[in-house]
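Chemist: Given the structure of chain A, go ahead and fit chain B onto it with the hints provided.
Protein chains: 2
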Amino acid sequence: MVPTKQKEIHLANRPKGMPTNDDFEFVEQDIPTLEENQVLLRTLYLSVDPYMRGRMQDAKSYIAPFQLHKAIVGGGIAEVVESRSEKFKQGDIVTGSLKWAEYSRMSDQKVRKIDPASAPVTTHLGILGMTGLTAYFGLLDIGKPQPGETVVVSGAAGAVGSAVGQIAKIKGTRVVGIAGSDEKIAFLKEELGFDEAVNYKKETFAEDLANAVPNGVDVYFDNVGGPVTDEVFKLLNTNARIPLCGAISSYNKEEDLGPRLQSYMIKTSALMKGFTVGNYAADFENGSKQLAAWLQEGKLKYEETIVEGFDKTPDAFLDLFKGTNIGKLLVKVADPEYAKL
Amino acid sequence: MVPTKQKEIHLANRPKGMPTNDDFEFVEQDIPTLEENQVLLRTLYLSVDPYMRGRMQDAKSYIAPFQLHKAIVGGGIAEVVESRSEKFKQGDIVTGSLKWAEYSRMSDQKVRKIDPASAPVTTHLGILGMTGLTAYFGLLDIGKPQPGETVVVSGAAGAVGSAVGQIAKIKGTRVVGIAGSDEKIAFLKEELGFDEAVNYKKETFAEDLANAVPNGVDVYFDNVGGPVTDEVFKLLNTNARIPLCGAISSYNKEEDLGPRLQSYMIKTSALMKGFTVGNYAADFENGSKQLAAWLQEGKLKYEETIVEGFDKTPDAFLDLFKGTNIGKLLVKVADPEYAKL
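Sequence order for the protein chains is A and B.
If you use our numbering, the first sequence corresponds to residues 2 to 342, in order.
If you use our numbering, the second sequence corresponds to residues 2 to 342, in order.
A hint or two may mislead.
Identical copies look the same in the list; a pair holds intra-copy or inter-copy alike.
As a list, the in silico DSS-like pairs of lysine-lysine whose alpha-carbon atoms are at most 25 Å apart [what the hints assert, rightly or not]:
| no. | residue 1 | residue 2 |
| --- | --- | --- |
| 1 | 71 | 290 |
| 2 | 145 | 268 |
| 3 | 323 | 268 |
| 4 | 6 | 300 |
| 5 | 268 | 61 |
FYI, nobody ran anything at the bench for these hints, they're computed from the structure.
Bound conformation, chain A alone:
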């Protein structure tokens, strides 16, 4: 039964530097009644992702900023608990851009049904969702890895990075991951089949990285920016390609100075391209099919870190910047009431 009140999480302040719990506010709201062609959703899982930090600033970007004192919005999985749409019935599982809320009312145009029998529903927030597609398109369209080349990926134990490395292996390259703990290094090499993995927190990082890429770097898939990236640039081969996916090391800095990297790119005729997964929307279906096929064939593995409880959503988001999680970081909000997962 649907209650009459629910909680939402709103953006209380635009954070300066590292966000804190004070930047979020929990607000009690009435659960809205439905209009024609709308569904009422009970949130099951919420995705927390580094790019959301950017939306907390009031700055021009590829996606509009979050509004102050309005609900934060991100990827989620939900169950349809009431429907005034012909497209959905009670108990359907859907995914889409959801409010950080226990319940939400949405147009039936804004969510997509998923089949809980074909793969665990959480994969639609990870390896089969935006995360996997980000890895897939950035690596293949910009990185264009060729068999025998060396691919380096930073943030390698994260959701996108771990998919990038595995897809690069499928494409026949030598894959080197960069991550920040011995546990992550072991995960990359032993669980995901990376050829090498290097811990950027060690004093010997620059040397370790150089040793891990005896033939230089042909593709650098960058999730982090900052000093890690500075070291990779010294090792670029001629005609290197750099898909620029994220720069998590700088998201919480008001000012971020580093050595200018253009000279490395001139010397090597390197190509660097920023991208967001939305650039490839027209090809999502093909990408998702390929990822699902690799998943079924056992060529792609994924790891999830699931935090329990809606109230922990801000904490889970803040954890992203601590570098402790492995794989996709999710919040489990509720079990479904009608469906069986």
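Modeler: Only chain B this time, still in chain A's reference frame:
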């Protein structure tokens, strides 16, 4: 008549920071005798170019470093004064990579004949040579300017930059040049037909630049790097393209720190690619023909700054970094003995 002795200019030290006259040494040498398939060349003009600063360092790059206590080598125009080659006769005018020397002996495979009747010989070191081809291929292959877009070029009054802006105008774009003196600004707007030109040495540079690109920046052809580039990045449009040709602002710095620019590229899905003209060697002939056609049609203009006297070659090179010259900077070494220019 060929003398028996001549002067060469050698690299005396690998400069740290800004080069000085002490980094060059003048060495007297015997003029070598010819072997089969060689020509003896009397140097007429030498080109001084910013990229040569890179060759003075002992660092891996797209081109081998100059050797210490050996002659510096760069683009030049010469007259054949003796020939043991069937391909060349006395009085032919040729271009190629020449020693900084009054005379040099070269294989007939390493120089190319030019026709002094079709265009002034110095254009083969500038608008019809590597300079023009650098502008042509970097702008068109990487920048891909579309009619109505805004193209910004830094180092705009230099040899490459002034060609870039004019080619961008031919392609129907709005062209904004960045340069460092009021004289250069006037040259760009009044002589070369740039839509706007902005002086980066003014305190109001950031504001002036923003005002000059009301529709943002679609293509940024970068010759300079550094703080000028930092301001341009703030104005990039979605899907901006950045041909990365040079970074003259950093060539004489041991360390060059600046704000990390990757976040701008992620937000705009921008593409940046380093290049050197040699990447396009297979297409030089087509490029040269197009440039020559535009020159004859009066669509391309060029400016030269010619320094007189072989002994002034190091000074001319050092002048490149003072930002005073307009257009292509050349040294006139001698008049021809047999040919008429």
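Chemist: Against this structure, judge whether each hint is valid.
Modeler: Results for each hint:
1. 71 <-> 290: Neither: 35 Å inside a chain and 60 Å across chains, both beyond 25 Å.
2. 145 <-> 268: Both: 20 Å inside a copy, 21 Å across copies.
3. 323 <-> 268: between (35 Å within a copy, 23 Å between copies)
4. 6 <-> 300: neither (44 Å within a copy, 71 Å between copies)
5. 268 <-> 61: Answer is between; shortest inter-copy Cα gap is 8 Å, intra-copy 32 Å.
Checked against the numbered hints given earlier, this structure breaks hints 1 and 4; the rest are met.
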